[in-house]
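**Student:** Model the full assembly from the supplied sequences, consistent with the hints where possible.
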Amino acid sequence: MSLEEPRPTDVGEAADGTVDYDELEALLGETALDREDHVNAPAFVVRPDEVQEALSALREEAGFDYCSNVTAQQYEDRFESIYHLKKYDDPTQEVGVVVPTPTDDPISQTGEPVYRTAEWHEREAYDLVGIEYEGHPDMRRILLPETWQGHPLGLDYNPEKPQVVPFREHANPLQPDTRGEGAESDTMFLNIGPHHPATHGVLHVKTVLDGEQIADVEPDIGYLHRCEEQMCQQSTYRHQIMPYPDRWDYVSAGILNEWAYARAAEDMADIDVPEYAQVIRTMSAELCRIASHMLALGTFALDVFGDFTAVFQYAFRDREVVQNILEDLTGQRLMFNYLRLGGVAWDLPEPRSEFFEKIRDFLDGLPEKTTEYHNLITSNEIFQVRCVDTGELPPETAKQYGATGPVARGSGIDFDLRRDDPYGYYEELDWDVITEDGCDNYSRVLVRMREVEESAKIIEQCVDLLAEWPEDDREIQSNVPRTLKPDADTEIYRGVEAAKGELGIYMRSDGTDKPARFKIRSPCFCNLHTLREMSEGEYIPDLIASLGSLDIVLGEVDR
Amino acid sequence: MASALTALQGAPLPDRLVEVLPFGSGPLGTAIAALVGAAIVGSLMMTMTAVAGPWAKRKVTAAFTDRYAVNRLGPFGLVIIVADAVRLLSKELIVPEGVDRPAWDLAPIVLAFSALLGFAVIPMGSGIHLADPEVGLVYVFAIASIASLGLVMAGYASNNKFSMLGGLRAVAQNLAYEIPLILIAVSVVLFAGSLQMSEIVAAQAEPLVTVAGFSVPTWYAFVNPFAFVLFVIANLMEVGRNPFDIPEAPTELVAGYQTEYSSVYFVLIYLGEFLHIFLGGAVIATLFLGGPAGPGPASIGIVWFIAKIWAVYLFTQWARSALPRLRIDQLIEIGWKGMLVLALANLVLTAVIVGVIA
Chain A
1 MSLEEPRPTD VGEAADGTVD YDELEALLGE TALDREDHVN APAFVVRPDE
51 VQEALSALRE EAGFDYCSNV TAQQYEDRFE SIYHLKKYDD PTQEVGVVVP
101 TPTDDPISQT GEPVYRTAEW HEREAYDLVG IEYEGHPDMR RILLPETWQG
151 HPLGLDYNPE KPQVVPFREH ANPLQPDTRG EGAESDTMFL NIGPHHPATH
201 GVLHVKTVLD GEQIADVEPD IGYLHRCEEQ MCQQSTYRHQ IMPYPDRWDY
251 VSAGILNEWA YARAAEDMAD IDVPEYAQVI RTMSAELCRI ASHMLALGTF
301 ALDVFGDFTA VFQYAFRDRE VVQNILEDLT GQRLMFNYLR LGGVAWDLPE
351 PRSEFFEKIR DFLDGLPEKT TEYHNLITSN EIFQVRCVDT GELPPETAKQ
401 YGATGPVARG SGIDFDLRRD DPYGYYEELD WDVITEDGCD NYSRVLVRMR
451 EVEESAKIIE QCVDLLAEWP EDDREIQSNV PRTLKPDADT EIYRGVEAAK
501 GELGIYMRSD GTDKPARFKI RSPCFCNLHT LREMSEGEYI PDLIASLGSL
551 DIVLGEVDR
Chain B
1001 MASALTALQG APLPDRLVEV LPFGSGPLGT AIAALVGAAI VGSLMMTMTA
1051 VAGPWAKRKV TAAFTDRYAV NRLGPFGLVI IVADAVRLLS KELIVPEGVD
1101 RPAWDLAPIV LAFSALLGFA VIPMGSGIHL ADPEVGLVYV FAIASIASLG
1151 LVMAGYASNN KFSMLGGLRA VAQNLAYEIP LILIAVSVVL FAGSLQMSEI
1201 VAAQAEPLVT VAGFSVPTWY AFVNPFAFVL FVIANLMEVG RNPFDIPEAP
1251 TELVAGYQTE YSSVYFVLIY LGEFLHIFLG GAVIATLFLG GPAGPGPASI
1301 GIVWFIAKIW AVYLFTQWAR SALPRLRIDQ LIEIGWKGML VLALANLVLT
1351 AVIVGVIA
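Order-wise, the sequence lines are chains A and B.
The letter at position 161 of the first sequence is residue 161 when you use our numbering, and the numbering goes up by one with no holes.
Each number in our numbering corresponds to the 1-based position in the second sequence with 1000 added.
Hints are computed from structural coordinates only; laboratory data are not their basis.
Predicted, not measured: the structure shown is a model, and the values here were computed from it.
C-beta atoms are modelled at their ideal positions from N, C-alpha and C, and glycine is treated no differently.
There's no promise every hint is true.
As the list claims (entries may be wrong) - In silico lysine-lysine, BS3-like type, Cα no more than 27 Å apart, as pairs:
no., chain 1, residue 1, chain 2, residue 2
1, A, Lys206, B, Lys1091
2, A, Lys369, B, Lys1059
3, A, Lys457, A, Lys358
What the hints assert, rightly or not - Partner residues are not named here, just some residues of chain A that face chain B (Cβ under 10 Å, in silico):
no., residue
4, Ile192
5, Ile377
6, Thr390
Stated by the list, open to error - Here are the in silico distance ranges between beta carbons for each label pair:
no., chain 1, residue 1, chain 2, residue 2, range
7, B, Val1356, A, Asp186, 33 to 43 Å
8, A, Asp220, B, Ile1179, 37 to 47 Å
9, B, Val1079, A, Arg532, 26 to 36 Å
10, B, Glu1097, A, Leu334, 52 to 62 Å
11, A, Pro349, B, Leu1073, 44 to 54 Å
12, A, Asp464, B, Val1211, 51 to 61 Å
13, A, Asp186, B, Trp1318, 35 to 45 Å
14, A, Ile107, B, Arg1101, 26 to 36 Å
15, B, Leu1073, A, Glu468, 30 to 40 Å
16, B, Val1348, A, Glu372, 39 to 49 Å
17, B, Pro1225, A, Asp220, 48 to 58 Å
18, A, Asp220, B, Leu1073, 36 to 46 Å
19, A, Trp148, B, Gly1074, 46 to 56 Å
20, A, Gly331, B, Val1051, 41 to 51 Å
**Tutor:** Right, here's the structure in full:
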């Protein structure tokens, strides 16, 4: 914010920076039928044919420029879509828009013209729950195959029924070579993936090429869909859900993911976390972030350098140290399962001094490594020629697509939930949010490299705190009931800053010990949506570089 | 016998073999001698490739990237060469549907042999020199360029879009770099006054300066370092190694023109690639590093020559481990707008140097 021109206060924003929901209700007027109370923020109920009207009023007048998630679910008597809106400037200002639709005619107006990110969210809602969105530009399934019968998260879905699909209904994935009108068209259709060296997992990118340039690109996801939401819905809050988040973003970001669930569930059931456990959580989460960013750096170098070069190996060498530390702490290298509701699983490993020494050794060596990376990568002229001004994502577009994490910060959006919507111990520590204004592949890499340094700062302070912590005050878990049954019809949406951006969880309780609806807002899912904006008109190598700079993990995209 | 060998010291290898082999000097004897000579040089190069591909490349890359490589089989893991050969040759040759059969089958052979043929005119020292035509340099470039044809054949005949893109990139790249490469080689011809390889080597024999009793020869790398650097870069582009491995571009085009090749054809393509690197090294050694010249008696010239080739090979591996890949349009731009202009400037510079010296 510039000093001379204070931001005009949005409608519905009180002087102290909180949301005045009465004013918002007045703004929505006739559109708002009712107001629901969710744990995170109130939500307004609107008619299915007035979705766009309500959303654009909230966006244009009230300044809710960030649609973080769209949740769909089925009740006994109705379908419901919930748009979770926030502000990039202050994500604590939240509001929900609830759109009920009748069971026999689940048609709702699309929110896509207001928030582009809703395009994929609504496709997912259609795919898994079965709500149709009127006016949606591309109402197809997104995670499941086109031939799938039924909507798995709908109440009347019968999972026992075999999916019998006639052979002729399977579309040939190899589409015709040309596009457009007849033989005059000189574009070529190219399947990049699902088996391709640079897709970071099983991603299928349908590309239309004009020579070597990208005329059109469409990511085709869902190859790694493992029903994570449904599995969580069939598991108990207290113990059974926690191992699953490790499997979303499975490249060493486990504890960050676990925290997303822990935070949502703790806020929902009003569980306190001891301060000591919060410091351990903060430290281990930042270790995970370093490991994840190192991997992102290494694989991006792999994409741009074109081979398993020195950079890739160096990044993995340094990541290995972090992995060893995390192994000492959690006993695992990949699926940590370390956080518990109300704290962490166990205290730091004994002897503590040795453990701290290990971390400090790593942190002391980090500046030298960082210099090495900058020498090898960011100051390399060829690297700069390849990455500067390619894969451009202007801030406004990034906001439209709900981009978060290093992707948003690489586009100059100063948005980090650790600072803006504080949790854990971050508020007490001294660190900075990194942004770069380049909006290109280069900025995104630079953001990650600098974030590693910030994470190191956080870890260092945590280690100092933990080393000094009085021995009789080391409470690692608060008292949490053995069986957790939040009150019926409690709804919550909470996000944390995971390695890739805002990882949010929506949960609705029906009074039992298992969530009635468990929805994951995956940062990679939204970030991947921006790929088309980034790569149109650029060359194939730029597309590959952009894909690498998004740092997607397909386990989290497809869930 | 010994005296006959001494008398023929400067003559090409087949001429001397005619004297040694018991087939007389008729047409049959000459043909057999030529074949035996070619077999010797070919075997030497193939052996070097066998060491370079499965073993040296892995060892060198591992050293650059801070890890271990092939250290299980035999001393220093050298037996991996045998294991890899068995593995590669015993794999199934998969012929994809819709390939353009004669072209698809010929491409690997063209690629391997275009490189192998180039060694025919390279004087390797210790008397290993198959032929010494007066237009030797032109012959090397002409033969090496046939590889582009092989790349196009492999690219279009594979019936694969990645191969197609790889083949197209290969042509664009080779066009952009063949011309600067040859222009720089012309500057060497200006120095030596001959296109004959043995003449070029001989012209680099005289001492340039003597510093503290240590004499520096007139290797053209010392006489005109500018041309040397340009040539090494252009050569890197010509053989398609990082940062110019654009026709293959593993992360973009899977494997470019060679995507659909397996088993023996894959081996042939790889053989061709390594032979091309070595041929590039041999040309650099001959044009700029005095060919087989080095300390010690002339009879160990081959050792120096191979050392120089391997030095160039190590350089390509270094570049591979450390440098990012350029984009195709940037590469073409550098080729036509940068290298070509510099090559012409180098030609002028060389003319000036030659004028001053002469």
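**Student:** Need the list of violated hint numbers for this structure, in ascending order.
**Tutor:** 1, 7, 9, 10, 11, 14, 15
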